[in-house]
Amino acid sequence: MATRDPERPVPFAPAARGVFDLALEGMVWSGRTVVMAGLLALPVVLAIVYRLVLARYPMVRLSAIELYGWFIVMYYLRFALPLMALFYATALIADEVEGKTLTYLLTRPIRRESILAGKFGAYVVTTLTLALPAVVLAFFTLMTVRGGANLGGAVPDLLRDLGVVALALFAYGAVFTLLGVFLKRPVIPGLLFIFVWELFLPSFPGYIPRVTLTAYLRSLVRHRPAQEGVSEIFAQVLPTALCLEVLVGAVVVGLAASAWIFSTREYVMDQ
Amino acid sequence: MDGMAETPLVEFRDLAVSYGPIEALAGVSGAFLPGPTGLLGPNGAGKTTLLKTLLGFLDPDRGMINAFGLDPTKEPLGVRRRIGYMPEVDCHLPGMTAAAFVAFAGELSGMPRDEAISRAHEVLYYVGLGEARYRTVDTYSTGMKQRVKLAQALVHDPDLLLLDEPTNGLDPAGRDEMLALIRDVSERRQMSLILCSHLLRDVEQVCENVIVFNQGRVAASGRIADLTGPRRAVYDVRVKGDATAFLTDLKDHGCEWREGEDGYRVTMSDGAGPELIFRTAREAGVQVRFLRPGAETLEDVFLRALGHEAES
Amino acid sequence: MSATLEFVRASRWYGQVIALNDVTTTIGPGVTGLLGPNGAGKSTFLKLASGQLAPSQGEVKMLGRAAWGSPELFHRVGVCPEADAFWEQLTGLEFVTGLLRLTGYDETERRQRAENALHEVALLDAKDRKIGGYSKGMRQRVKMAQALAHDPEVLLLDEPVSGMDPVNRRRMVDLVRRLGRTGRTVVVSSHILHEVEAMTRRVLLIHNGRILAEGDVREIRDLMDEHPHTVALRARDPRALARAVVAMPHVISLTFGAEGEWVTVQTARPDDLYGNLAEAAESAGVSEMYSPDENLESVFRYLVAG
Amino acid sequence: MPIYEQTYRRHEARGPLRRVRFWPITREALRLILARRAFLILLMFSWLPFVIRVIQIYVITRFPEVSRILPVDGRLFGDFLGWQALFAMFITIFAGAGLVAGDLRTGAILVYLSRPLTRRDYVLGKLAVLLLLNLFITLVPGLVLYLLALGLAPDQFWKWSLAWIGPAVVVDSLVISAVISVIALAISSLSRSARVAGIGFFGLLMGLEITRKTLYAIYGRPETALVSPLGALYSVGVALFDLADRALTLPWLYAAAVIALLSAACLLILRSRVRAVEIVQ
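Protein chains in written order, with numbering that gives the first Met the number 0: chain A, 0 to 270; chain B, 0 to 311; chain C, 0 to 305; chain D, 0 to 280.
FYI, nobody ran anything at the bench for these hints, they're computed from the structure. Here a beta-carbon is modelled for each residue, glycine too, at the ideal position from N, C-alpha and C. A portion of the hints provided could be inaccurate.
[What the hints assert, rightly or not] Pair by pair, the computed Cβ-Cβ distance ranges are: (1) B:Glu74 with A:Val124: 51 to 59 Å; (2) B:Glu74 with D:Leu267: 20 to 28 Å; (3) B:Asp113 with D:Leu142: 32 to 40 Å.
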């Protein structure tokens, strides 16, 4: 490592890496991660039940591939990933403020951007190591049903889904990081965002779905599970290029805004 | 408070209480007589555990405890009704004004609402928070929060007050006023209390009897006067001017000295009186500004009882 | 005495509450005691000095650079916050090495420095235990360890000994005095007067966000001496004592206590009274003498009353 | 030495302990939560569906033929209460996440438990807060809607065959309010941070709800509703108002059993978590 230069703050990368390790330690081994792992593993359990029961109760209305598609769109993209992002990302800074441990980081020779970067890095690593294996497990559990003839063909689907899952975690992560840095009590607004904004608006006609992340994420995935009622009629599919542009844009803008707010805000931790 | 044998308010014999694997109290016995009693010991010595067992929060592993003749594990409500508890932790309810909070505490103690409200105002005036009683407790300074905690312990006029580190985090002015308040509650209002603290001077200023705890055992107990009776004449001295010559002269005269809480603690050589101090001061050219016969303070009792370097 | 820390007409308010009001002072090497009741502005003063807050008005300079917005200062500044807050699942060693990493040290040097710091605060044997299991005194000491592990020139300590029992308090007082003697600039805030007096002579009295008095404690006490003092004395022969005292020029009044042993004297020039009281005290057998106006607490209360 | 007036008298009244010991807890908590503007806004929005339904009933009375498309019968109330359940979740989380978690974190629980109060009083007091708030957005609008319907459209409503709707509204509202309140309180007691409790509550309820939908999508059997508390709640609604939702039409006894089991589990959690001393393992 370069020798320490007392005239300038510690360079961005090593500082972020230091915050990353500290944050990862606290984030991964907390009891909450067990809860989140449970949340992500639920589809795998259902997939296993589906396989076992299939032998004795074959009249199922969803084939294995359809069920897998249902999980990706209905479970992961619209529920588990946003909730996990809300759970971790709003707390990146809020936990340190509430626990009054932020002072230790603010009194180190590092720029505040590297604190946020280190924390967001820890968020990404934690959530990816939890989410990706769950999706892969669900995929293989379902795809190996009835001799797995079509397994080879479906793998590109899996890779695409893993990409979209990662993108979703980044996008929702950036949005909720911003929410966590901006609002004192980000949870209720976050829940309203997930269970009202992202749940209902994507099924509206016209341009309205474009203000939600779900519409873009859903368009990137090739699965089109049967949705009930009205949302069936208006489900739009947006061009892939546009979706990638918007999602990556959301990540960049979200993180930049969070970094700016975090760097200029004073944290008064009264006694 | 004459010395005739009064029935103790609280009695405990061979009491052992543990939190999971940690044995907080390892068989302690003792009693709290009416009037003020000190409960002394370093942080984590088991003082708070005893208070919480008394309130029926913890079930003892073995041994007996009773308050006002009731067993807290069997009749916690009966015991708690007659106890006012001032916990060590901040325990106000966010968003509530002091008046509303203290009245609420009164109601929780079984008082009818309007009686609780009028009592709350009366008690808040008594603890000196008269003007600030309509502000929310979050805006209070640490000193004022301590007084609100005392008020919520007093509002239902208990027979026994449990004060857990009442002067914690207070500045000198705040500490003196809180201790004056506690002395007033105990002397003028005839309310018995247990003052649980690790600050020695506080206990000295309020209580006659003390029980010293350490690592879950009773290290010493009895009247403070007996525990700290002076063996050799000891004086607390403060001088104005350069004290080094004065101190070395004292050593030559066979006295020992060490740095005390406020000034030097001089242990006189046998037979020597305070005149030696004045004479040595005059010869060393310093002014004696403060002289007080310092009985062995509780700190000495404390250290001796704990075997000196107890890691706390 | 080069100024390590400089406040130039610095003020700070939160909404309408003025926390620090037009403060100008300079602090150099050695230990400086920051003294004031709770809520007087001590914490705000330290937060401005450590760049955690920007002044609403005026300037706060640390080592020649604006404190706010210059993170590089923390290579040379160590801060011990007041809150009892930790990452409970880390061990003492992990806590200090983790923070040293954010100060730019590499693996080996981090571990070495962390162990030295833990040794300095007598926590080396507890280095592998989780902070969650530490006692109050040990937590306060590991907080000090992270502040001094990178050998900073400046140390800002916010109530380092509050809530500690005598054994730990004395250990911390000695540590601060040792740090002060090595030429570092140490600012210690506290509301417990005799602790600060034990650590240093140089004191900054702060109240309602303003600097009330500044300088050597004795200077402040001498300032006190220009004002009338009442002195209470208990003597074997109070009448003899009274006869001697009455002859002194600046005695204003003299009263006898109810039980007869006590004599209370009020004097315009306390220095004179104490100066030539020694013979009379010796012959009259004075065994107790105190004056409510005599300790730092009274200095404080007197100046605060204003 | 500060001088204190002699107003402080020893308070002699030692009346018997009031029977209803928990009420002050409820009253004060309500007073505090209703003082928060954001909460009042949320409460206002929760009454939006009520306004829509009133318009619907009014339109039907003016243009009777409309009632063929939008019939005014049990289904109107069933759907209405279904929507209110979602609002109830947000209201409950806003008010309830910190109800117990906050006390456990700040140690304020000592204020309660050092008093002549049992842990049961404490739980009842806190539960009543959520129950009343939820009933305010389910039972109250539901009954008002029913009376309004009777008043505005007596010809269609004043029929013996529709007389069961009133009691059905009461039962459904009580079930929704009670279940959501007790689950939220139990989850609030499981954590020391209101944030975690809030997210945990939604994660659990919505997660199980999606599981139910998945299982139904696969097996098409209504019994799958028993997997999710919300599913059980909706099934009760479907049964009471015979709504046309095949995924949730199952004998109401099963749903009632699941709900009873769930509530008992929550009360057990509360009993073990609400204590004055943190048992440190």
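Has the hinted range 32 to 40 Å been met by the Cβ atoms of Asp113 (chain B) and Leu142 (chain D)?
holds (33 Å)
The hint says 20 to 28 Å between Glu74 (chain B) and Leu267 (chain D); measuring C-beta to C-beta, is that right?
25 Å Cβ-Cβ, so the 20 to 28 Å window holds.
Between Glu74 (chain B) and Val124 (chain A), is the Cβ distance one that fits in 51 to 59 Å?
Since Glu74 (chain B) and Val124 (chain A) have Cβ atoms about 55 Å apart, the given range 51 to 59 Å holds.
In this structure, every one of the numbered hints holds.
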